[in-house]
Amino acid sequence: MTNNQDASTKRKPEIGPSQINLLEKLCNATAVSGDEYEVRKIILEEMKPIADEIKVDALGNILVTKFGGGEGRVRVMLAAHMDEIGFMVVKKHDDNLFEFARVGGIDERQLPGKAVLVGRDHLPGVIGAKPIHMTTAKDRKKKIDVSDMRIDMGPEIGDKVKTGDRATFATRFRVLGPSICAKALDDRLGVVTLMELLKYAPDNIDLLAAFTVQEEVGLRGARVAAYAFNPDMAIALDSTPAYDLPHWDEEDENVQYNTHLDAGPAIYVMDRATIADRRLVNWLRDTAEDLGIPYQFRQPGGGGTDAGVIHKTRSGIPSTSVSVPSRYLHTAAGIARLDDWVNTLSLLHAALCRVTPELLAGERRD
Amino acid sequence: MIELLDVIKELISVSGLSGYEKPIREIIQKTWEPLTDDLSLSKIGSLHGLKVGCGTEPRHRILISAHMDAIGMMVTDIQDGLMRVTEIGGIDSRILPGQPVIVHGREALPGVVIQPPAHLLPASASEGPVAMKYLLVDVGLHASEVAEKVRVGDTVSFAQEPLELTGEALSGHTLDNRVSVAATTMCLDLLQSRKHEWDVWAVTSAQEEETLGGAFTSPFDIRPDIAIVIDVCFAKGPGSSDWRSLPFGEGVGIGYGPNIHPMLYDAFEAKAKVLEIPYHRDLMPRMSGTDAMAVQIVAEGIPCVVLGIPLRYMHTPVETVSLKDIRRAGRLMAEYIADLTSETLDQIQWEE
Amino acid sequence: MKSLIQKLVETPGPSGFEYQIRDVIREVIGDTADEIRVDALGSLIARKGTKTDGGMRVMISAHMDEIGLMVTHVDSNGFVRFTSVGGINPLTCYGGRVLFMNGSRGVIGVDGLERGKMPKLSDLFIDVGATNKETCPVSVGDVCGFERPFLDLGKRMVAKSMDDRIAAAIAIEALRRLESTPHEVHFVFSTQEEVGLRGAITAAYGVDPDVGFAVDVTRSGDTPRFSTKMATALGDGPAIKVRDSSFIADPRLVDWMVKTAERAGIPYQMEVLEAGGTDGRAIQLTRGGVPAGCISIACRYIHSPSEMVDSDDVENAVKLLVKLLSVPITLA
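Quick mapping for you: the protein sequence lines, in order, are chains A, B and C. Under my numbering, the first residue of the first sequence is numbered 1, with each subsequent residue one higher. Under my numbering, the first residue of the second sequence is numbered 367, with each subsequent residue one higher. Under my numbering, the first residue of the third sequence is numbered 719, with each subsequent residue one higher.
It should be emphasised that the hints constitute simulated quantities derived from the structure, not laboratory data. Treat the hints with caution; some may be incorrect.
Partner residues aside, some chain B positions facing chain A, computed with beta carbon under 7 Å [what the hints assert, rightly or not]:
hint, residue
1, 474
2, 586
3, 622
4, 624
5, 663
6, 666
7, 667
In the DSS-like style, the derived pairs of lysine-lysine whose C-alpha atoms are separated by at most 27 Å in a straight line are [said to hold, decoys possible]:
hint, chain 1, residue 1, chain 2, residue 2
8, A, 141, C, 947
9, A, 162, B, 637
10, B, 409, A, 92
11, B, 409, C, 838
12, B, 409, C, 977
13, B, 690, A, 91
14, A, 160, B, 690
15, A, 162, B, 561
16, B, 499, C, 769
17, C, 838, A, 142
18, C, 977, B, 515
19, B, 637, A, 91
Derived list of chain A stretches under chain C, where covered just means 3 residues or more per stretch with a C-beta under 8 Å from a C-beta of chain C [stated by the list, open to error]:
hint, region
20, 44-50
21, 205-217
22, 250-256
23, 310-324
Quick reminder that beta carbons are idealized off the backbone N, C-alpha and C, glycines included.
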């Protein structure tokens, strides 16, 4: 057992050009909740060669099992959601413009004047806005209703787009110095982290990896995945907002930042959907402190991750979440730090290597 | 063959509010007795009708889920022989004043919803629509008699008689979702003369309008391989003309969105085309607003398709439907089921 | 019974942090139960009796958690910002005293509030007496409950967490008085009810009952100038729930409860609650579905630090619960 642990900790996952390329491929793919095909395809290709078991379930979740070796292995479920927020084309108007609906939580103020990609062929389109010359001062104080916006794909789009097709922001992945700028960092950062963890799965656990669907429309995929896996414990890997921006009133301290960039992985104590099992919170914290990996507690409060349904499955599953902090989630372009991602991966891998049945012995308590 | 209009009229002749489905369940039991091989009840009152398939065991199972519960009201307080009410399911209180109802006390008491005059309401409620909490139900009895016959928690149902309109349109209360029960009955009737390999579990689920209770629980016990959820959907009509509404009487809706397995959508679309059954893609970008929200995520997950019968004036006592669409839905389900083989499941995959 | 109630209501136990109240309940139950276990979400499950002919596996659920606060930020001057655990009304926070699970205490202050305006949670802070961040005894993620002593007004009793320790007291007392039962009864002291019935969801799955009852508080319609008409009143007996906003009680159980109460001469009242949910929903929707009902105690000022109940209602609720569990359950 000890030897196994040593061996697996020596093989550590790293983030280099190939991982960044993989993240780029994942971020640029389209996977609006309920239509996660493109991301699923990338993951299946990468994971099939290394999985002990792999299946796609009734909702489209990918369930990957990587068995450890030896006795007393804890069954650890890790979940990262494949889906992202986006749009569905709902009506073609006579003027060859398309009405659309939002899928997942998107602030309508983020939409005017944006480029989008529509359908499986990623056909380009734009969400326009009235010329400023034709607006009044009063107009400009009002939000523009989504039902008044259209996707314009040019006059000869014809039948290339059907109602029901999904669309996303057209943002392409970029590295900006120490940062990554992309759409869908929520939760492709979690997805790519989970893929790397599977490649370096430690021997002391059975790693039950769920790449889930429909998180953004109600944590739906994770629920059935958790039921199927029936794990001993679970962690949701997600991306959470960093609102570490200055307060408008300069003398006011920003006390609602949720997380900070550059402060390492965000460990969850409580969000709207889950009160974390403190045994797991302490285990992650202790691992980080022992190894000198930076970490932060995400500010308790709103939001929710797949852990919200996982922990309520069957007779209950001790759960928490770990997120890579990102700015501007659920908009056209998020920004995350490479170092926060690296540290998230390191923390999770190191923590998994330290899992023993003793972690869950006894009752849930502080 | 069953006579559709008679079936529907009988199905809306009784109440059966969410949680109180017994009266409607008894009618469905009687109707389905000759059409099924076994009838049973779930622990919270959904009706399970099994029509055994002719395939070799272990046979695959298809679930049809049609909720049978109705919206209505419940007595919250009694004052001077008049009743205050709250809603069961979603009711726009603007349709209530003057509405004929039945209060289900120790006996069924016909009554009417009344709107008190403005000078008897708080100043803030004297103009504009009157909120439900200010409305009262009067059953015409003296306070002492009401005290004997009615208690807090009794249900109140709509009493509007059905009306046959022109062009095979029918109007009445609770057509949401008794028309789907009727379509399911039609499907079972059609399957009497058709061979089908799979076991068919026809379920009229309880409590859809409140908790999706039946849809969360029955599939847990039945564990179907595929589920058809059938419910009403919005028909185009006054005040309801955007992309969420389908044309009235011009075909069934086939749901498209996260609650629906895309391969099942494709299969139903293909089947409708072959049979020349008119249909429309019913876009559901987020949730479907039907039992499928629950059925899909039961246990390890169940592939769902959602069929919709276009209905005008949903959640009023004058809901209006076209009989043509009910027949189309019944036939589409029966034909799909009759064609299921032991290989069908292999096609319900995600590798597009 | 009042000393039991006092002990229960004065023990802190915000949702997700129920280990202290769990230990207290485990100790007072002692060996009156045949078996005690704790599930993964921390619910305490005490079994009494075994299923005999005509008996059922019955789940009784009384939640042991209460609403509380959790630290989100400690500022440079040592003031503590917080978020709510469960439904906190900012109206009842200002000037309140809190007790952290680590033993620290503090008071709730309010910042920049205009006269006559309702504070938002983000306007409030906890002052733990620290002079700067470094001397602050609590940090992000620490949790506290309100601190307010039990108040015995004779017929009426007041405490910070009558919701739902009064139900825990009723369940414990019923467990003690239950001499014989045809049923296998699982008394569940559930966790995390205030944040979404979470403990009852997993406990119900684990117990897999044939029938279940929640025991909880409900609103009362007997205070001055009430804006919502509600038929329940303190002192009119335990309330038999017909519905709340989370579920519709099984009408077969409602009728059986009414008949059983009438036969036993126990006063009762009917309850239709328009805002609020209970563990009954979690029981009803588990697995293939379970007939579920609820016994409620009318309570004034719910989710304030001074929740009031009537002691006769409490006594009659114990009697009703013992009676219900002593006879076969008929689902006609």
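Given the hinted pair residue 409 of chain B and residue 838 of chain C, is their Cα-Cα distance within 27 Å? Violated - the C-alpha atoms of residue 838 of chain C and residue 409 of chain B are around 44 Å apart, more than 27 Å.
Going straight from one Cα to the other, do residue 409 of chain B and residue 977 of chain C come out at no more than 27 Å? Roughly 21 Å separates the two Cα atoms, so the pair holds.
Three residues or more, CB to CB closer than 8 Å: is that satisfied between the region 205-217 of chain A and chain C? Coverage by chain C is violated for the region 205-217 of chain A (0 residues, Cβ < 8 Å).
Take a quick look at whether residue 499 of chain B and residue 769 of chain C sit within 27 Å of each other, Cα to Cα. Between residue 499 of chain B and residue 769 of chain C the Cα gap is close to 45 Å, so the pair fails against 27 Å, i.e. violated.
With the threshold set at 27 Å, check whether the alpha-carbon distance from residue 160 of chain A to residue 690 of chain B stays at or below it. violated (32 Å)
Given pair status - residue 142 of chain A, residue 838 of chain C, alpha carbons within 27 Å: At roughly 26 Å apart (the allowed maximum being 27 Å), residue 142 of chain A and residue 838 of chain C satisfy the hint.
What's the verdict on residue 977 of chain C and residue 515 of chain B, does the C-alpha distance respect the 27 Å limit or exceed it? At roughly 16 Å apart (the allowed maximum being 27 Å), residue 515 of chain B and residue 977 of chain C satisfy the hint.
Measuring from the C-beta of residue 624 of chain B to each C-beta in chain A, is the shortest one below 7 Å? Result: holds, 3 Å to nearest chain A Cβ.
Please count how many residues of the region 310-324 of chain A have a CB within 8 Å of a CB from chain C and say whether that reaches 3. holds (count 8)
Is residue 409 of chain B close enough to residue 92 of chain A, meaning Cα to Cα at most 27 Å? Cα-Cα ~46 Å, so violated.
Within 8 Å of chain C's CB atoms, at least three CB atoms from the region 44-50 of chain A: coverage verdict: It is violated, with 0 qualifying residues against the three required.
Residue 663 of chain B was flagged as interface toward chain A. Is the shortest Cβ-Cβ separation under 7 Å? Since the shortest Cβ distance to chain A is 5 Å, the answer is holds.
The earlier numbered hints that this structure contradicts are 1, 2, 8, 10, 11, 14, 15, 16, 20 and 21.
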